[in-house]
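S.K.: Chain by chain, the residues:
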Amino acid sequence: MGELIRLEGIVKSFDDTMVLNGIDLSVDENEFVTLLGPSGCGKTTTLRIIAGFEKPDQGRVYFEGKDITDMPANQRPVNTVFQNYALFPHMSVGENIAFSLRVKNRPEAEIKKKVANALMLVNLKGFENRRIDQLSGGQQQRIAMARAIVNEPRVLLLDEPLGALDLKLRQEMEYELVRLKKELGITFIYITHDQEEALTMSDKVVVMNEGYIQQEGTPQEIYDEPVNAFVADFIGDSNILSGQMVDEKVVRIDGVDYPCIDGRKEGFPPRRRVDVVIRPEDIDIVPYGRGQWNGTIISKLFIGVHYEMLVQSEHGKVEWLLQNYDQHDVGEKIGMKVDPENIQIMHKPKSEAESAIELDL
Amino acid sequence: MTANKKSYSIPFILWIIAGTVIPLASIAYYGFTSREGGFTFANIAAMFRGDHMQALGLSLSLALISTAICLVLAFPMAMILRESKYGKQGFLIFVIILPMWMNFLLRTMAWQVLLERQGVINAIITAIGLPRQEMMNTPGAIVLGMVYDFLPFMILPIYNTVSKIDNHLIEAAYDLGATKGKVYTRVILPLSVPGIVSGITMVFIPALTTFVISNMLGGGKINLIGNIIEQEFTVNSNWYLGSGLSLVMMVFIIFSMLMLQKFDKTGGANLI
Amino acid sequence: MKKTLGRIYILIIMLFLYLPILTLIVLSFNDVKSMSVWGGFSLHWYAELFQSRLMMGAIVNTFSIAILAALIATIVGTLAVLGMASMKPRTQNVLLGFNNIPMLNADIVTGIALMLFFLMIKAPRGYMTILFSHATFCIPYVILSVRPRVNKNTDRLYEAALDLGATEKYAFRKIVLPELKPGIMSGFLLSFTMSVDDFIITYFTRGAGINTISTLIYSEVKIGIRPSLFALSTIIFVVALAVLLIANIRQDKANNLKDARAA
Chain V
33 MGELIRLEGI VKSFDDTMVL NGIDLSVDEN EFVTLLGPSG CGKTTTLRII AGFEKPDQGR
93 VYFEGKDITD MPANQRPVNT VFQNYALFPH MSVGENIAFS LRVKNRPEAE IKKKVANALM
153 LVNLKGFENR RIDQLSGGQQ QRIAMARAIV NEPRVLLLDE PLGALDLKLR QEMEYELVRL
213 KKELGITFIY ITHDQEEALT MSDKVVVMNE GYIQQEGTPQ EIYDEPVNAF VADFIGDSNI
273 LSGQMVDEKV VRIDGVDYPC IDGRKEGFPP RRRVDVVIRP EDIDIVPYGR GQWNGTIISK
333 LFIGVHYEML VQSEHGKVEW LLQNYDQHDV GEKIGMKVDP ENIQIMHKPK SEAESAIELD
393 L
Chain L
50 MTANKKSYSI PFILWIIAGT VIPLASIAYY GFTSREGGFT FANIAAMFRG DHMQALGLSL
110 SLALISTAIC LVLAFPMAMI LRESKYGKQG FLIFVIILPM WMNFLLRTMA WQVLLERQGV
170 INAIITAIGL PRQEMMNTPG AIVLGMVYDF LPFMILPIYN TVSKIDNHLI EAAYDLGATK
230 GKVYTRVILP LSVPGIVSGI TMVFIPALTT FVISNMLGGG KINLIGNIIE QEFTVNSNWY
290 LGSGLSLVMM VFIIFSMLML QKFDKTGGAN LI
Chain S
924 MKKTLGRIYI LIIMLFLYLP ILTLIVLSFN DVKSMSVWGG FSLHWYAELF QSRLMMGAIV
984 NTFSIAILAA LIATIVGTLA VLGMASMKPR TQNVLLGFNN IPMLNADIVT GIALMLFFLM
1044 IKAPRGYMTI LFSHATFCIP YVILSVRPRV NKNTDRLYEA ALDLGATEKY AFRKIVLPEL
1104 KPGIMSGFLL SFTMSVDDFI ITYFTRGAGI NTISTLIYSE VKIGIRPSLF ALSTIIFVVA
1164 LAVLLIANIR QDKANNLKDA RAA
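In order, the protein sequences belong to chains V, L and S.
In terms of the working numbering, the first sequence opens at residue 33 and continues consecutively.
In terms of the working numbering, the second sequence opens at residue 50 and continues consecutively.
In terms of the working numbering, the third sequence opens at residue 924 and continues consecutively.
A couple of the hints might just be wrong.
[Claimed, not checked] Derived EDC-like pairs (lysine to aspartate or glutamate); straight-line CA-CA distance at most 16 Å: (1) V:Lys136 / S:Glu1091; (2) S:Lys1011 / V:Asp47; (3) L:Lys54 / S:Glu1091; (4) V:Lys369 / V:Glu313.
[Unchecked claim] Per label pair, the in silico range of CB-to-CB distance: (5) S:Arg930 / L:Pro243: 35 to 41 Å; (6) L:Gln103 / S:Gly1147: 24 to 30 Å; (7) S:Thr927 / L:Phe97: 50 to 56 Å.
Since the hints were derived computationally from the structure, they do not count as laboratory data.
Glycine included, C-beta positions come from ideal geometry on N, C-alpha and C.
Produce the complete structure using the sequences and hints provided.
M.R.: Below, the structure is given as structure tokens:
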């Protein structure tokens, strides 16, 4: 798998507001890459620059090593599935899908075949003559997909394509998208603010915030080893705590010293103040006094498969979020235990690290 | 659309300059110029001449009266429209719009036919043995003509706003213990203020400035400010005076619109 | 009880709106010129109307001016909206402010202003000055009806077309224009009816030798009402009725079709 798209030092601002602060990104052939981040993080602008709707203020866009920064949108070998689909309301389903082929003046027989084929791929065989306003949201979504893939683009850009669908449909479509990607064998660049979507479907997740790429990696890497508090907080529920390295591979969290797997080699020498992430499902409940921390359960929620509990620790003023399959009662005193490899040590963002010293934890 | 298409607006901008800006500027120019060509305030001050003041006062009172009558007639109609069933509603709106499509000179003429000394109403009155009435050439006839011509322009904007009032709001008011009267005064009326304001605008301005209705139903004996201005341009050819009076009238209109806008805003604020 | 009251109210308003028109219609078939005596059924006022060269000329003027003014306004207005879309919001607001002036201004002021303008540039007042004036007050209506259709959605559809390989011209013709079409159509129709209906602005901007239906009615009424004007009223009423009915039926059909398809 060779490199297909490369962004180099992309900077973009709108009316004096910096949107992208120097984005470097590489997308491989046949990769499913997801740009993940909250609204306003710059992910949509990045996509629009790849599609050719926006020109970067600085930086270049390469496609197969060729500079396409100045190539207009209608000549790029990429197609987009738009947020809210952007289906042409005055055209039938068939005409919508055929649009890019008609633009290229392909023969009608070929158009007909390709449209039928595209509809088949999205499981809407025979929908050619329907009108757009007759379709449900899920169907519109599929037509938008069909329209974007009918011209066999090398890259499909998807701008929050599932955002308008309800939960059940969304989960269904996630499977569909993965299947479609396999059948087409093309590159997907996918945009979402939904971490679950990103983790389920992607080969690579790119977490963005405030115009910077925060972290790039496989879903597993992003989830297990977030590089900073933002990523940890954005990906899944987590306990993010301030801590301090007290010895080589020993961190003090919530008043308790605890062995971890990160040390000098990873850039965390003793006395360094750090952020620590512990996922709520990684905290085991043990009898009172038998764990590393002790606390009292102050609230409990049953959310489907498991229980979610808030525990007030006895050591500091910290409230811990726990997820557990077993039921415990509010008011119960428990002990808590975490395996060393489930304690993720992260650097503090620079400005915060400085202020923490003054506070003297 | 990313491509620079600003130049598409050029014909429009030129048209605004030639059709709106320069013409209005020439009113201002003539308004402050004497017949001899010098600068003067005389054309403006002429509004305070007795006959002009009288005409303005009469215009104002007739316009206010007809606007008020239109409002009183239109609001219940708009509410009835809001509450009627879909098909009937369409029919009623159709019936209200249809007269607007007839030339308003002909509609005004119809009242001349009805009110004239030898007209239809007098024919009916005398047929049942009552004395002939002098109805033409009275302020009443002019008010009648104004109400007749402008009533649809009051009904439609009010209907447009009341039809958009969410039924849940009204139900909520009842649910919270409001009486029928309170529902009207506290919920429906405040919410229909924007429609009422645009209705008033659409009736008051043409009523205040008309010279046609007063000419046709006033027999040329009742002078409104519109008649005075029209005559300066068509009969006396004194554009300077006509422009001066128009300027004062414009200021007057702008002032009343601002007052109305203010009411609209406070009306909206009262909702919160 | 409430229903009956409502019905009575509707009836009163209907009578108020339609009795005068009905009177004109009845009198248009009256054999004698009187407004109070029925002299038997006759069509000769219609004959008189159609034989009047003046009236026929006025009708031709009215409709040709209306069509041309609406056409000019539609083109100028639509282009203006497209151009404004790529301007800064503040510039747009300034232009819209100017655009609103002819709509908010009293007709008599607009008429006088244009008349003075024509006098100043020494343009001979006649057909062309009326046409220019009508286009002037029609453009704002076109802009108001087309502008709402140029929005984020149109932008997205335009981009989608480019994304799918369309040239800018093709995307404009095949995607943007169809999106704007309803606004353009209603702007044209609105302009047309405003133009046909106008009296005051025409009155001030026309020359001595030219009439539209409105100005002709005005000068005839001033001399004395002739029953041929009743005939004209009847014809206009019937035409308006027919046009509105057809429009309504087509609208209903379109709605029903939509409902049926949605169901």
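S.K.: Let me make sure I understand: some of the numbered hints might not hold for this structure. Which ones are they, in numerical order?
M.R.: 5
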